Each structure stands twice: as C-alpha cells, then as structure tokens.
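Q: Respectively, the protein sequence lines represent chains A and B. Numbering that gives the first Met the number 0 puts the first residue of the first sequence at 0, with every later residue one more than the last. Numbering that gives the first Met the number 0 puts the first residue of the second sequence at 0, with every later residue one more than the last.
Read the hints as simulated data drawn from the structure, not as lab findings. As the structure is a computational prediction, the values presented were derived from the model and not from experiment. We put the CB at the ideal spot given by N, CA and C, even for glycine. Each hint should be verified, as a subset may be incorrect.
Partner residues aside, some chain A positions facing chain B, computed with beta carbon under 8 Å [what the hints assert, rightly or not]:
hint, residue
1, Tyr-46
2, Pro-48
3, Asp-102
4, Ile-109
5, Leu-119
6, Pro-122
7, Ser-127
8, Phe-146
9, Thr-155
10, Gln-227
11, Thr-234
12, Trp-244
13, Ala-247
14, Phe-262
15, Leu-265
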Amino acid sequence: MVSPKTRDKLATFFTHVALILLVLLIASPIIFALIASTQSTSTILNYPPQFFPGNAIVRNFTVAWTQYNLGRLMLNSTIIAIAVTVGKTIISIFAATALVYFDFPFKSLIFVIILLTLLLPVPVRIVSLFELINNLGLADTYYAMIFPFFASATGTFLFRQHFQSIPESLTDAARVDGAGPIRFMTQILVPMSMNTIGALAVIQFIYMWNQYLWPLIIMQSDNKQVIQLGLKMLTGSGRAGVKPWGPAMAGSIIAMLPPLIIFLLLQEQFMKGFALKEEK
Amino acid sequence: MKSKYPGKLLPLLFLAPTLIVSVLFLYYPAGMSFRLSLYKTLFMGRKKVFNGLGNFVDLFTSPKFHAVVGKSFIFSFSVVVGGLVIGLGIALLANRKVRGARFYRTGLIWPYALSPAIAGTIWLFLFNPNTGMLTYVMEVLFGVQPDWLASGPLSMFMVIVAATWKNLGYNIIFFLAGLQNVPGEFLEAADVDGANVFQKFWHITLPLLSPTIFFLVVMNMIYSFFRTFALIDIMTKGGPAGATNIMIFNLYRDAFQYFRSGIAASQSLLLFVLVSILTLIQFKTSGRGVYYGG
Numbered sequence: 000m001v002s003p004k005t006r007d008k009l010a011t012f013f014t015h016v017a018l019i020l021l022v023l024l025i026a027s028p029i030i031f032a033l034i035a036s037t038q039s040t041s042t043i044l045n046y047p048p049q050f051f052p053g054n055a056i057v058r059n060f061t062v063a064w065t066q067y068n069l070g071r072l073m074l075n076s077t078i079i080a081i082a083v084t085v086g087k088t089i090i091s092i093f094a095a096t097a098l099v100y101f102d103f104p105f106k107s108l109i110f111v112i113i114l115l116t117l118l119l120p121v122p123v124r125i126v127s128l129f130e131l132i133n134n135l136g137l138a139d140t141y142y143a144m145i146f147p148f149f150a151s152a153t154g155t156f157l158f159r160q161h162f163q164s165i166p167e168s169l170t171d172a173a174r175v176d177g178a179g180p181i182r183f184m185t186q187i188l189v190p191m192s193m194n195t196i197g198a199l200a201v202i203q204f205i206y207m208w209n210q211y212l213w214p215l216i217i218m219q220s221d222n223k224q225v226i227q228l229g230l231k232m233l234t235g236s237g238r239a240g241v242k243p244w245g246p247a248m249a250g251s252i253i254a255m256l257p258p259l260i261i262f263l264l265l266q267e268q269f270m271k272g273f274a275l276k277e278e279k
Numbered sequence: 000m001k002s003k004y005p006g007k008l009l010p011l012l013f014l015a016p017t018l019i020v021s022v023l024f025l026y027y028p029a030g031m032s033f034r035l036s037l038y039k040t041l042f043m044g045r046k047k048v049f050n051g052l053g054n055f056v057d058l059f060t061s062p063k064f065h066a067v068v069g070k071s072f073i074f075s076f077s078v079v080v081g082g083l084v085i086g087l088g089i090a091l092l093a094n095r096k097v098r099g100a101r102f103y104r105t106g107l108i109w110p111y112a113l114s115p116a117i118a119g120t121i122w123l124f125l126f127n128p129n130t131g132m133l134t135y136v137m138e139v140l141f142g143v144q145p146d147w148l149a150s151g152p153l154s155m156f157m158v159i160v161a162a163t164w165k166n167l168g169y170n171i172i173f174f175l176a177g178l179q180n181v182p183g184e185f186l187e188a189a190d191v192d193g194a195n196v197f198q199k200f201w202h203i204t205l206p207l208l209s210p211t212i213f214f215l216v217v218m219n220m221i222y223s224f225f226r227t228f229a230l231i232d233i234m235t236k237g238g239p240a241g242a243t244n245i246m247i248f249n250l251y252r253d254a255f256q257y258f259r260s261g262i263a264a265s266q267s268l269l270l271f272v273l274v275s276i277l278t279l280i281q282f283k284t285s286g287r288g289v290y291y292g293g
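All chains should be modelled from the sequences, with the hints used to inform the complete structure.
A: Listed below in structure tokens is the structure:
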C-alpha cells in the first residue's frame with residue numbers, strides 16, 4: 000500500500016512528464032520545420048529523412064528573404080496589421096465611449112447594427128466587396144487591405160463591456176473635476192483599459208497578419224502582397240515533391256515570428272482582458 | 000445606471016467611423032451579394048440575367064454541390080470533435096497545480112498565433128510522400144508508405160490533422176478559463192464522499208464546463224467553415240478530385256476562377272445563414288462576447 004503522500008508525489012511527477020511530452024508534441028511540427036530550414040534540398044530529398052540540422056540555414060533564409068521577396072512582404076504585412084490594429088482600437092474606444100457615457104436617440108439600434116456585423120465575415124460578402132473595392136479604384140492598394148477591416152464589433156463590444164464594469168465612483172470624480180469627454184476618455188478610460196487594449200491588440204494583430212483569402216484576390220502586384228501569400232508562392236513553385244522545402248520552412252518560420260512575439264509579450268493581458276472574463 | 004454626458008451630436012460623431020465602415024464595407028456588399036444571388040452570370044461574368052431562386056435550385060439539386068456540403072460537414076465535424084476532445088484532455092492536465100504551470104500553459108497554447116497558411120505549409124511538408132517525416136514514421140510503425148496527396152480519404156485526414164492542430168491552442172485557452180470556474184470545494188466535497196477521478200470529471204467538471212463546451216463547438220464550427228481556406232489552398236487545392244473541396248473553397252473557385260459570381264453569391268448566402276444560426280445559438284446560450292476577430 001502506497002502512502003497518500005507518495006501517491007501525490009507520483010501523481011505530480013507523472014503530470015510533469017505528461018505535460019512536457021505534450022508541449023513537445025504540440026511543438027513537433029515546428030521543430031521539424033526548424034530542422035528542415037537548416038537542410039539543403041538534397042538532404043531534405045534523402046529518404047529516410049534526416050533528423051539533424053544541416054548547414055544550409057543561411058542559404059535557405061536568404062533564398063526565402065530575397066528570391067521569394069519575403070522581406071518586402073513582411074514589410075507590407077507589418078504596415079497593414081499595425082494600421083488596422085491601431086485604427087480599430089481607436090475607433091472602437093470612441094464607439095464604446097459614446098455607447099456607455101452618452102444618451103442619444105436610437106442608441107440600442109445603433110449597437111445592434113454594430114453587433115450584427117459579426118454575421119458578415121469576408122466570405123459572406125466577398126463577391127460584391129471585390130466589385131466595390133475595384134469600382135472605388137482601391138484594388139491592389141494598402142487601402143483595400145485596411146479600410147474594410149476598420150469596423151470592429153468585437154472591439155466595440157469588449158470596450159463597452161469593460162467600461163460598464165468600471166465603478167462609477169472612479170469615473171465620477173474625474174467628471175466633477177470638469178473633464179470633458181475627450182479628456183475623460185484619454186486620461187481616465189484609456190489608462191484603466193490596458194488589459195482590454197492589450198487583449199484586443201493581440202486578437203486583431205493576429206487576425207490581420209493571418210489574412211489570406213482577401214489579399215489573394217484583391218492584391219495583384221507581387222510587391223504589395225502580404226506574407227501569407229508568400230507561403231503560397233513558396234509551396235506553389237517547383238514540381239510535386241521537389242518543392243523548395245528548405246526555403247519554404249524558413250519562410251514559415253519568418254512569417255510566424257511577429258504574431259508569436261506579440262502573443263507572448265501580451266499573453267497576460269490577453270488572458271485577463273479576454274479569455275478569463277467572467278461570464279455575466 | 001451611469002450618469003451621462005450631455006450632447007446628442009458628439010456621440011454620433013464618435014460612432015461615425017464605426018458606422019460608416021460597417022455600412023459601406025459590410026452591410027452594402029452583403030446586400031449586393033444577396034441581390035446577386037438571384038442572378039445568373041453568363042459569358043465569364045460579363046452578363047447578368049435575373050434568375051429568381053434558380054441558383055439555389057441548381058445548388059440543391061446538384062450532386063456536385065451535395066458532395067461539397069458533405070465534405071464540409073465531415074471536415075467540420077472531425078475538426079470540432081477532435082479539437083474539443085484533445086483540447087479538454089490537455090487542459091485538464093495543464094490545470095493541475097504543479098510548479099511551472101504558467102510555463103506549460105504558454106507551451107501548450109502558442110500555436111494560436113500561427114496562421115492556417117503556416118499550418119498548411121508545415122503539415123504539407125510533414126505529409127510529403129517522398130520526404131515527409133510522417134510518411135517515414137508510418138513506414139517505421141506500420142510498414143506502409145502512404146501517398147497522402149493522391150488518396151481522397153488520406154487527403155481529408157491530412158487537412159483535418161493540420162486544422163485541428165492549428166486550433167488546439169484556442170481550445171485549450173478557453174477550457175483553462177472554463178476550468179477556473181469549477182469551484183474547488185465541489186471537488187473536495189466529492190473527495191470526502193470517496194468519488195474517483197472519473198466520477199468527479201463526469202458528474203462535476205463536465206456539467207460545469209458545458210457553457211464552455213457549447214461556446215467552443217460554435218467557435219470551432221465557424222473556424223472550420225470560414226478560416227481554413229488558406230490551409231486547403233496550400234495543402235490540397237480541394238483535391239484530389241474534389242475530396243477536400245469544402246464550401247468556402249468551392250465558393251472561391253466559382254467566384255474567382257470560373258467567374259460565376261451569381262452562383263458564388265448564392266453560396267455566400269448559404270454561408271450567411273449558417274453563421275447566423277451558429278451565432279444566434281451562441282448568443283442565446285452564453286451571452287459571452289463573440290470573437291471572430293471581426
């Protein structure tokens with residue numbers, strides 16, 4: 000008979016073992032991608048596959064970065080993702096402030112109109128959005144990647160919910176001091192909303208960075224394309240089976256870094272401001 | 000009740016950017032798409048003829064479209080069930096109070112940040128018939144060297160694995176959040192009563208998690224229907240012979256490769272009905288702020 004204490008220790012030990020194995024298992028595709036990104040094409044085409052790093056790391060990353068133009072695509076994606084993230088955050092703070100701290104006609108209707116945009120993801124309106132953007136002469140410009148994404152039901156909803164949860168005692172003091180709406184917003188609400196802002200930044204940056212279908216149809220010049228489509232170029236070139244796998248894996252690593260860094264940096268805000276929100 | 004600022008014009012000014020973008024880039028194109036769904040497009044999209052509900056009749060009576068819908072549901076169902084079962088299992092382990100729990104949590108959820116295109120690229124490499132690590136593993140374990148890309152069922156399996164892996168982080172995040180709402184006292188009380196691990200899970204944890212499970216079923220369905228286009232485009236392009244041609248991919252092809260924008264718009268409308276039903280269920284049952292990233 001094992002004593003309860005030993006049993007607890009054993010359980011903890013096996014939990015650690017299981018968690019370490021799971022972390023490795025989830026990471027394994029990326030680990031293999033990392034290994035392949037260091038191997039030359041001839042090494043990769045060897046069978047059985049080599050599980051040790053090769054010596055072509057510099058070459059693979061250079062080919063991906065220059066020959067497949069990923070450097071330029073990274074820049075495009077960065078500009079677009081930052082513009083949308085910042086724009087969306089500001090616009091939704093304004094909208095939520097109006098909804099929580101003002102009274103005006105048709106308020107609930109306006110909120111419903113904003114909320115119902117959730118029913119209209121890109122695939123639902125893609126055919127006509129494509130025509131509209133073409134008619135506006137915005138096709139193949141950054142604007143086509145930025146403007147249609149500016150409205151945010153998620154952002155408005157999250158900020159509205161957060162503003163409603165701020166105790167009035169905190170916000171009233173500022174207004175007794177005579178702060179106007181703009182000052183109230185920038186000096187009181189924004190500093191009190193850092194978790195929500197952080198969470199929204201993570202969500203929106205990743206969402207924008209990972210866009211694929213819309214840029215595929217609306218961006219024509221290779222120089223304005225986004226990084227996700229660079230991966231399509233990498234896997235689309237070469238004959239079946241003899242694709243440039245080394246540069247493709249290098250490209251995948253490059254493309255995943257910015258959203259991953261933002262996610263890791265803002266993870267706590269993301270968990271607190273979004274996922275761990277208590278249901279009300 | 001919050002005390003309000005006076006003024007009727009200022010709040011409308013604050014709301015103007017959101018409303019203008021919503022109407023111009025969301026409601027208007029959606030409305031135009033719905034109108035277009037009643038038209039037939041001829042001559043590579045150059046001519047449009049009013050067709051009433053003809054497009055829908057065509058879709059509903061076309062065996063080809065039945066296959067597309069069938070593939071979509073097989074794909075979706077597998078991604079939802081696989082993602083939820085695996086995600087919950089991992090979250091239960093990660094929820095145990097051990098040292099370094101935070102580190103483990105990060106190690107388990109980070110693929111959330113990855114795009115479907117990246118998942119597609121890497122899994123395509125792993126499944127590659129000539130060189131892929133998974134092909135090799137299959138040979139070592141089972142003595143077979145499957146040509147994943149040439150077989151319909153194997154291709155479907157391949158995209159399901161990639162899509163499930165990509166969304167695992169999201170599921171674990173929300174299961175961990177849900178598990179925090181399971182009060183420790185309940186479990187301790189059950190301990191006193193001599194309940195075993197499985198009884199505790201079945202009678203306490205699972206019922207208390209049901210709102211989370213429901214939320215995740217809806218979100219995973221939306222993910223698998225709308226967010227997996229890149230993964231399909233990079234891995235299989237809907238092939239072989241339509242085996243992985245799910246609704247979103249078929250819609251893209253009709254609209255932008257075959258220039259049949261009318262029938263593509265009809266498919267958009269069907270997707271709209273689907274997302275509306277899912278969102279309605281989700282709002283009715285949890286009231287949590289839905290996130291599509293939109």
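Q: Can you verify the interface hint for Tyr-46(A): is its Cβ closer than 8 Å to any Cβ in chain B?
A: Interface hint status for Tyr-46(A): holds (6 Å vs cutoff 8 Å).
Q: Should the hint that Pro-122(A) touches chain B count as held when the rule is a Cβ pair under 8 Å?
A: holds, 6 Å
Q: If you take the shortest Cβ to Cβ gap from Ile-109(A) to chain B, is it below 8 Å?
A: Because about 6 Å separates Ile-109(A) from the closest Cβ in chain B, which is inside the 8 Å limit, the hint holds.
Q: For the restraint on Asp-102(A), tell me whether the closest CB of chain B is nearer than 8 Å.
A: At 5 Å from the nearest chain B Cβ, Asp-102(A) passes the 8 Å test, so the hint holds.
Q: Restraint: Phe-146(A) near chain B, CB-CB cut 8 Å. Satisfied or not?
A: OK, holds: Phe-146(A) within 8 Å of chain B, min 6 Å.
Q: A closest beta-carbon separation below 8 Å is what the hint needs, so does Thr-234(A) meet it against chain B?
A: The hint holds - Thr-234(A) has a Cβ within 8 Å of chain B, the shortest such distance being about 5 Å.
Q: Hey, does the Thr-155(A) contact hint survive, CB to chain B under 8 Å?
A: It holds, given that the least Cβ distance between Thr-155(A) and chain B is near 6 Å, below 8 Å.
Q: Does Ser-127(A) pass the interface hint, meaning its C-beta sits closer than 8 Å to a C-beta of chain B?
A: holds, 4 Å
Q: Double-check Pro-48(A) for me: the hint is only fine if its C-beta lies closer than 8 Å to a C-beta in chain B.
A: holds, 5 Å
Q: Per the CB criterion, is Leu-265(A) less than 8 Å away from chain B?
A: Violated - the Cβ of Leu-265(A) stays beyond 8 Å from chain B, reaching only about 10 Å at its closest.
Q: Would the hint on Trp-244(A) stand, with a C-beta cut-off of 8 Å toward chain B?
A: holds, 6 Å
Q: Does the closest beta carbon of chain B sit nearer than 8 Å to the beta carbon of Phe-262(A)?
A: holds, 4 Å
Hint 15 alone, counting from the list given before, is not met by this structure.
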